[in-house]
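Participant: Sequence:
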Amino acid sequence: MTTYNDVYKSWQNDPEAFWMEQARNIDWDQMPSKALFDLGNDLYEWYSDGKVNTCWNAVDRHVEQGRGSQVAIIHDSPITGTVRKITYAELRNRVATLAGALRAKGIEKGDRVIIYMPMVPEAIEAMLACGRIGAVHSVVFGGFAAHELAVRIDDAKPKAMIAASCGLEPGRVVHYKPLLDGAIEQASHMPEFCVIFQREQEVAKLIPGRDVDWHAFQYGVEPAECLPVEGNHPAYVLYTSGTTGAPKGVVRHTGGHLVALNWSMKHIYNVDPGEVFWAASDVGWVVGHSYICYAPLIHGNTTVVFEGKPVGTPDAGTFWRVIADHDVKSFFTAPTAFRAVKREDPQGDFIRKYDLSGLRAVYLAGERADPDTINWASRMLDKPIYDHWWQTETGWTIAGMPAGIEALPVKVGSPTVPMPGYDVQILDEAGHPVPPNTLGAIAIKLPLPPGTLPTLWNAEDRFRKSYLAHFPGYYETGDAGMVDEDGYLYIMARTDDVINVAGHRLSTGAMEEVLANHPDVAECAVVGVADELKGQSPVGFVCLTSGVNRPHEEIARECVAMIRDQIGPVAAFKQAVVVDRLPKTRSGKILRATMVKIADGEEFKMPATIDDPAILDEIAEALKTLGYPRG
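To convert, note that position 570 of the sequence shown is 570 in the UniProt record's numbering; the numbers rise steadily by one, no gaps.
Simulated from the structure, these hints should not be mistaken for lab results. Careful, some of the hints might be misleading.
Below, in silico cross-link-like pairs of lysine-lysine (DSS-like), each with a Cα-Cα straight-line distance of 25 Å or less [claimed, not checked]:
no., residue 1, residue 2
1, Lys85, Lys159
2, Lys85, Lys309
3, Lys9, Lys309
Simulated restraints on C-beta separations [stated by the list, open to error]:
no., residue 1, residue 2, range
4, Thr240, Val203, 29 to 35 Å
5, Gly627, His215, 58 to 64 Å
6, Ala614, Pro208, 47 to 53 Å
7, Leu206, Glu64, 35 to 41 Å
8, Thr80, Gln347, 41 to 47 Å
In this text, a Cβ means the ideal position worked out from N, Cα and C, and glycines have one as well.
Start from the sequences, fold in the hints, and give me the full structure.
Facilitator: Shown next as C-alpha cells:
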C-alpha cells in the first residue's frame, strides 16, 4: 500500500522522473523530451516540446478505447425541469462538427474565442471544439456586465464569440444577447463573427453579417480532426479580478494541464473511469474549467453540468436529489452553498429523503471552509467532508486530502497536506520561514507544478509583480496561514484579511470560526475597519438561521462575548451586527475588501463579479447603526 508520504517523497526526490511518469498516462502525438523547461529568471514551462491535443484526450481516446456508449455529460437543469445525457461518441461527433464549422469560418491555431454561455452542455462543447483545432478559449461568466465583457474582449482580442441567447435564474431570464451587443459596441476590438446558441426560453435577434446561428452555421461542414499542439501552447485564458480592477488573464498551457488534472481525479477525488463526478460550480470559474469540463472527461468519468442553485430550485434538497438520481461518487462544491442549504434546512430533513449510499466523499473549496459548516455537513451526511485549497492561478489542488492514495486523519479547519509539486512554505514579511503554528504568508517554492499558470496573458511584468516580486524564488499566494507540527496547512485569511489591532496580527478567519459556532448564526464575516487608536478594529456581520425570532441586539451581544471568551480581549472585538445577507461574488466569495471600504468611507469600484449590488446598500445601512463611516 503506497502512502501519501511515499508519493510526496518520490516527487521531492526526483521531480523530473515523477512528472515524466505521470505524463505517460496521457496520449501524446510526440512525447516530450523532458518534463521541466527552465526559462531562467524564475519562469518555467512543462512538457514544452511535446505534441498533444486536449480534445483527443478528453473525448476521442475514450471512444477509440471502446467506451463510446458511456455517458460523458449529464445536463441536469431543475430550472427547466429537464435532464439530458450525452455519450462520449455523441460528444465526439458534436464537438468535431462544431470545430469544423469554426475552422470553416477561419478560426485557426492560436486564435482566441470568447465563450459567454450558461450551464448547458454546449458550453463544454465550445471549449472542447476550440481545443480540438488549437484555438485559445476564454470563458466569461454568462450574464457578466457588458462593460466587463468589453474589457476582456479588448485584452484577449478574440476572432470570434460564442454565446447563448439567454441564461436562466430561478424566476427570471437573463438576456445575454443585449449584453453581448453592448460589450462589442463598447470594445475597441471587433470580433469577426458571433455564434449564437438560441435557447427556447428566449430567441435573440441576430445581427446580419456578424451573427450566425449555432445550428445553421454547422450545417453541412466537414468535421475537424484533432490538431496536435505544443505542450506549452495555451489551452485557455481565464480572467480573474485583479486588485487594480483590471482583470488578470491567467494562462493555462496544454501539456501540464492534461497531466496534472488527470493525476488529480484518482489521487485527490478518488474516482475511477466510468464513475460519476460532480462539481457544482459554473463554467465561468476555474472550478468549472478544471472539474466540470476538463479533468472528469480527460480521466474518462461522467461529469454533471447542473443548471440550478443549492436552494430554491426547487428547495434545499436539490443537491441530494442530483447525487441520488445520477449515483454521484464524489461531490465538489463551495462552503457558501452548504451554508445556504444549512440555513434553509438546519436539521437536514431533505437529506433523509434521498439515497446517498453511493456518495464516497464531499470536497469543499472556493473559500475558507469554517469548521461549523464542515461539522454540520459531516453530521448530516455521515460522509467524509474534505476541505481543500487552490486558486484560479494554480488550476488544481495546492493542499488537500489525498483520498485516492490514503485517507489521512481529518483536522477540521485544515485543507490537509500539500500535493506533489507544491513545496508550501510559511514566510514572515522578510521572506524567512517561520516555526510551526506561526501565522505568516503562504508561499510556494518555484517551480510550480504542471497545470499551474506560467504567466499572465500579454502581461509578464504584471505576472512578476503580482506573484514573484515579493518573495524571490517563491510564488506568493496572497493567503495567510500556518503549518502545524504534522505538516497540515491552515488557511487563515487572505493576506489583507490579517488585521493589525494595536500591534497584534489577528486572523479574521479565526474570529469567523467562533461566530459560526453561535447556534443562531448561519453565515458570518469579520472585517478590519480603520481605528485611530488601534490601527484596525474588527466588526462582525452575522446572518441568522431561518426561523430565529430573538432580538438582534441580544444575538450581537452574545457574539461579542463569544469572541472575548475564545480569542480574548486582545481581539478588541466589540461590534457585531445582524444582516439579511452578505455581499458575494457569483462563485460565493464574500466581498470583504468592499465592506471595509464602505466602513472606512472610501470610494470603491463596484466588483464585476458581485451577485447582487443592492446588498452593498444594506451593508452600508447596517454600518451606519454602528457609527460608520467615522468622522
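Participant: I want to verify a distance hint. Is the separation of the beta carbons of Gly627 and His215 within 58 to 64 Å?
Facilitator: holds, 59 Å
Participant: Taking only the CA atoms, is the gap from Lys85 to Lys159 under or equal to 25 Å?
Facilitator: violated, 31 Å
Participant: Taking 29 to 35 Å as the hint, is the beta-carbon distance of Thr240 and Val203 inside that range?
Facilitator: Check passed, 33 Å falls within 29 to 35 Å.
Participant: Would you say the C-beta atoms of Leu206 and Glu64 sit inside 35 to 41 Å of each other?
Facilitator: holds, 37 Å
Participant: For the range 41 to 47 Å, tell me whether the beta carbons of Thr80 and Gln347 fit it or not.
Facilitator: violated, 30 Å
Participant: Below or equal to 25 Å on CA atoms is what counts here, so check Lys85 against Lys309.
Facilitator: Holds. Lys85 to Lys309 sits at ~20 Å (cutoff 25 Å).
Participant: Are Ala614 and Pro208 spaced within 47 to 53 Å by their CB atoms?
Facilitator: violated, 38 Å
Participant: For a C-alpha distance cap of 25 Å, please report whether Lys9 and Lys309 respect it.
Facilitator: Status violated; Cα separation ~41 Å.
Hint compliance for this structure: hints 1, 3, 6, 8 are not met, and every other hint is.
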